[in-house]
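Colleague: Those sequence lines, one after another, are chains A and B.
Quick note: the first sequence uses this note's numbering, first residue 16, plus one each step.
Quick note: the second sequence uses this note's numbering, first residue 12, plus one each step.
Derived from the structure by calculation, the hints contain no laboratory data.
It should be emphasised that the depicted structure is a prediction, and the values quoted were computed from it without experimental measurement.
Don't be surprised by glycine CBs; every beta carbon is placed ideally from N, CA and C.
Heads up, some of the hints might be wrong.
What the hints assert, rightly or not - So the derived label-pair ranges between C-beta atoms look like this: (1) D642(A) x I34(B): 38 to 48 Å; (2) T578(A) x R72(B): 42 to 52 Å; (3) A82(A) x E68(B): 46 to 56 Å.
Stated by the list, open to error - These stretches of chain A come out as covered by chain B in the derived footprint (C-beta under 8 Å, 3 or more residues): (4) 672 to 685; (5) 761 to 773.
What the hints assert, rightly or not - Partial chain B-side listing against chain A, Cβ under 10 Å, derived: (6) V35; (7) F47; (8) A55; (9) I89; (10) V132; (11) S146.
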Amino acid sequence: MPALLIICPAIILLAGLLAPPLRKVFGERVGYVLCLGPFTALALLLSQEGYVGSGEGLFYSLEWFAALGVSLDFRLDGLAFMMAVLVSGIGGFITIYAQGYMHGHPQLGRFYLYLMAFMAAMVGIVLADNLILLFIFWELTSITSYLLIGFNHESKEARWKSLQALLVTGLGAMAMLAGFVLLANVTGTWRISEMNHLGELVQASPFYSAIIILVLIGAFTKSAQVPFHFWLPNAMAGPTPVSAFLHSATMVKAGVFLIARINPTLSGSGLWEYTLAIFGSLTLLLAMFLGLFQKDVKAILAYTTLGVLGVLTMLLGIGSSYAIKAMVVFLVGHALYKATLFMVVGSIDHETGTRDVTLLRGLRKLMPISAVAGGLAALSMSGLPPFFGFIGKELIYKAGVALNGFEIAFLAAALLGNLVMMGLALKAGIGPFFGPPNHEALPKKPHEAPWPMWIGPIVLAVLGLVIDLFPFWVTDFMVAPAVSAIKGTELAQLDLALWHLVKPNLPLLLSGLTVLGGFFVFLNRARFWALSDGVLRTIRPYGAEAVYERIFNATIWFSKAQTRWLQTGRLHDYVFNIVGATVILVGWALLRFTDALPAVDPASFDLGIALLVLLMVVASVMAISSDRYFLILGALGTVGFGTALLFAYYGAPDLAITQLMAEALTVVLFMFVIYGLPRIRRYKGRITTGRDALLSVAFGFIVFLLVWLAVDLQFASPVSDTLAAMSYPEAKGRNVVNVILVDFRALDTFGEITVIAAAALGIAALMRSRVEKLFKGEADKK
Amino acid sequence: MKWFVLSQSGRILFPWLIVLSLIVLYRGHNLPGGGFIGGLLGAAAFILVGLGDGMDEARRRLRLSPVTILGIGLGFAILSGLPGLFGDKESYFVDQWLPDFSLPLLGEMHIGTPLVFDVGVYIVVVGFVLHTVFSLEFLAQTDSREELNETGGEEEEEEDS
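If we strip away everything but chain B, and leave its shape as in the complex, we get (with noise of 0.2 Å):
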């Protein structure tokens, strides 16, 4: 499944979307966007090249297996939620900033756990994404009619119950 146009426009497009899902997941707080959004978009990069090069480029330029993957994202999370319980007031699950910033270019910066929490949020569903996609991926390409025919619709079920 090599079409020329969809190989080499994921080529050029991949960084650009990496790029695009980060500034997504970033301006979340104030704007729409966020870690759900982001990852999403995150994923629909790797799907991108994926789709144009196979999948096995994706896993390469993946580096990590996307269940490694989930689990940092879900460590991203949890040790967010950490530095709140040494804050001095009563807080929520996360909720501690560091003093306000600016930097050239992005403006006044707020830094705190929630953002750290949204990356967390980002990388599971970057994580989550990805595994399901490799995985019917992995399914398509390798199970034949027969085979399918015999566990397909069990499977199915359990998926969703």
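Only chain A is shown next, with the shape it has when bound in the complex (with noise of 0.2 Å):
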């Protein structure tokens, strides 16, 4: 059933927007019903699994712009089914553990809104088989992400966070865009299971590198690598449930999924692997430097999940064979304990007040559940065995001692990383709950979590476990379609287990010194917080989020200047500027562009016109002399129906009609407020007024010069004879301007009559008091 690919996005979205609705009928409970969407999503994800375990995978596409070739394609391989399970799996259980997290707030209704639309968002990313709609996709994220990440809209903080990992995220999205505008050029198509053929192609084309780049861009961007790492820790501004979601299966992986998914294509080459390589690595370890010197357990949390996308970047960018197995393994592992520790810590901080490691301490008595999910969690993490953490990290270090030459200091990199990892996976999921109890320092005196807080951990947490000590079930099933959708292989056989541990060999060495390592630093934690504050406010200045401040508080300077230059507020001002331009460009482009002026034929001279005319320009003489609004008034007016006798003697009768009512009516409209307007008085000077009369004669003179050329200028038959030798056979009606208004150009005309709509409503919002004065005199008079 390959429509189901459309309708796991659509069914979640569904969901989202019953939220506000089946909130009022089911109240607190809402979560219970809502999960439902993602679940759903879910089964009918696994019903699938015969294709995707056979490597055969699915299809769908729906007709969507033809044209310009792009089409609803949907796909399911291996890399999509591994990613939409987790997020939907996870995003069920997270819409769960909301309705504990946020329960009793008023706005749940649209944060269940928020988190299902980016939930069907996510599943659409990793499902979209086509450039553009994962583009489209992609956006939706990074919008729907901002609503959740400012979700707490009275702080300004939220605000502000949320509004970085907008810009960093969109700005990226747009270098990403071009990359494939360019990838689609070169490989004319849009389809990236097509294009996972061609290669060679690209590689071939003399845009390959700049492809890279911009991909590059959108995807480090998404997934936080450095330079743009600062936003994802920022990102914990948000409600925790969103944190779980974001840092765990989603929006962060976006990033790492776009490089795996497109992979087959543009790996091959130096520069693809060794920037992957490089800028993981780099990440990987700012990430656990910072890290080190957090207090807060969620900041924590968040700066293992910057190292954890440092290293599945540097392991795509290996790109071994063991590496890309590593990569998913570690992927599944981290998603699965990822979004428990956060969970864990949601509910700690709900149930204590707190997040400061310094202060929590001995809670396993009293949280007793989300104690063991928390400590499996972490124990995952740190890479222990039996733990499903630990066939990742075995994995790491067998394509890491593969490495040779230069390339070691990338297992360097994950070892070092990973050690540290291991040290702040304890820090946060083991330290709150154990040591002696510090109760009476907590703002909130603490009890275990109700259910749907635990359950989603708990289950999550032990799903590892169990995956770990049968991970032949995971690895057919997951692991080695999504390996070969990345390789762009045939399925490969793949053997994961724990029993590696038996023979003695480098990659276990490595193993264990990652824990001695780690926990070294968990037992040195203090000392490292002793200096946190100290040392995270020496680095800050010279950090990229210092940068972002500058780069930001320099277009906001550049914004205002040119706003206060333009945007005077003085009507004067933005008539002088717009006419000006118009006379500058098009004056160049005629001086430019015109070789002679049509020659006049003097026997077209009319006296009657010529007449009418003369009578029009002393008319408008008086209109700018006067400074009687009626005189005024009255010249607009001659000058008014002059035109629409014009248009009348030269054959445009539904103009020269259009011409007469409007002229009247600013007459009419014009009587209601002279007797209320000012007198005219002159507030310009000599030199203004000369100037103004300069640019005034000028703009006349372009604009007669342009007609004159018009009356000459004409390449092919007109469109004019065309459309009215359509006119009455194909819309039945002899009137070509109405023909064309309502029929030819209707769309054009709708565009009309709504800005005409939007103009009415713009008055009405001036004249608002007044109105609202109005309407309070009729209720006063009944």
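Two chains, two frames, a set of hints: combine them into the complex.
Modeller: Shown next as structure tokens:
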């Protein structure tokens, strides 16, 4: 049933759209209903496992912008399956969890709407098989995550941080779109599955480097690689369920997913591989360094997410068979334990009122289930056997020891990173639950969280344990298809197992080293915290975020400066700028491109018309020079009616009638306000008046020239002939003007009347205070 | 501002002006006319009444608020595009026709979505003009001179920009 590929995101989105009304029906328990959306999607996906496991994959296509080659293409292959299962499965648990966490929040319905829309967009990204479709979903995740991160919109900090996330990922996506367009131009298709067979073509193209750089800017901003890493820890400003979701399976994984998705097309060059490996390892090291000094549990977790993203990127760059395996296993493991840890931390925060690791300890008796979940997840994250994280870590080292030359540096980075990460994992997942209790120092008296808040963590944590003990299940089911999708090769046999343990070898030695180092970091955690404030304050001015802030402020400054300059608020200046720009630009074009002015036929001279025009000119001069409204109104009316006469004379009755009606109505409108208007005063000095007069004359002259030129400017048979010929047979009308307005160009007209309606609303807004008075007056009368 | 002639001519001419505006609207397809002109004429009918008997009378005759009318007009215009979605040929936005038929007096009739669209244009124009007129008239009535001197200039600019 390939249609399920479009049903999966749709059903989640539907749940989101129903969230606000369902909130009214089910009250606080709405989460139990809404989690059916993602769980249904999960069930649908799992039911298709047969296609994926056998390596075939599912395709579904709906026509969309056929002329542009853009259609709603979806694909379910190993990689998409793995990601979609993670997104919808974890999403379901997050939905339940959020109900406990957001308990009593007045905007719960809105929260679920954002969350589900985000989830749907994320599922869309991973299932999309068309670059444009992927881009659209990509941007949707940026927008919805902006709403989610800034959900506590009363807080200025949350608004600032969510805007930061939006700007960084949004601007990156712009670069990515450019890369996509280049890619599509080179390959001649928008479909990723077709592109993946055209790797050689792409690499031979002169745009290859440009494509890589542009696409990677998009992926790196989304997945928070150096130097765009700063937005991710800041994204914790959102409610914890959001962080748990964003950090574990979604948002930040989108960048890594994109790299993996496009890997068969772009990989195979040093540029691709080293860029990924170097930026990935730098991200890992930086994240671990900063993570060491964090005291907020959530921040610690955020920096480990950053580190994991670095590892994943690095592994994709290394690109060997082991590395890709390691990447996939690590990704799955990370999704499970990171979602768990964030949810547990959220529960701790919820129950104790603090996230400060220096205060939190000894909670295991009070929050036993959370403690179990957190502990399991932390051990998995530490990469201790028998947890899933261990397999991932083993594979990383296996990939690492196969490297040679300076590439060994990546192995060193991985070792160092993993070591610190283990320390951080213990800090965040174990630290709060063990040690001597310290309940008096906590802002709230803690007890176990309600069941919606521990069911998700415990299920996901146990799942991590189970698939670790029976890895063959997840190997065939998920990992092998994903690996082959990323490598762009046939299905490979994988043996994930714990029992590499028995043979002593270098990777195992490295694992042992990691464990020792990790414990060392954990035991010495207090030393780092003591340095925390000083270190973070010292390096902040040199960090990427400081650069971001400088660019941001400079942009605001520039925007304000040019607004002050252009938007003076004086009508006179606006008109002057607009007319001045027109004169300069059109004048330049006329000088540049005009050879000769068309000849004038003296026989076409008409005395009556000449007199009429003369009258209009005189009236114009009167309108300018007078300072009495009635005179001005009369003079302008003369010009208007003269124009109408010209229209009528030259055979445009529709225009003439419209012009007459408009003139008449203008006079009427003017009559209403004329009594209330202040006396006309001359504000301008002589010089300004002279300048304006000069500009006006220049403008008039240029328009005159344009009209004169237009008389002679006829390329082919005029379009009016075609339209006139089509008018009756096609549109059953003889009045070609009207036929154009309401039939041939009805969409344009529709735009125009919408503008008219908008203008009316604008007037309404301006008059609002007074119109309100009117309604009040009417009410009083009654 | 009650002038007998204006008031009486408004009362007498109003229905005829409305009918005239509708005729202009309908004939627009073959002869000069159409939704824009018809709408302006229709609005003029209300303004005439308003000049004679006061804008409250014009408002009463209009029944709906001009903003509502704007919405209705836009709705007509949108609806007229919907049949085109299901048409059997590649068509413009509108361009769906009923079979031709004849009526006494009016002769051969062409009824189709372009006409519905034009009706939408007509209604929007009526709504816009009357909204503006009512607002300005209200402004003229309620504002004292001093208030206008303070804020009038500013508003005019915003409207233009």
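Colleague: Mind listing which of the numbered hints don't hold for this structure, in increasing order?
Modeller: No hint contradicted; all consistent.
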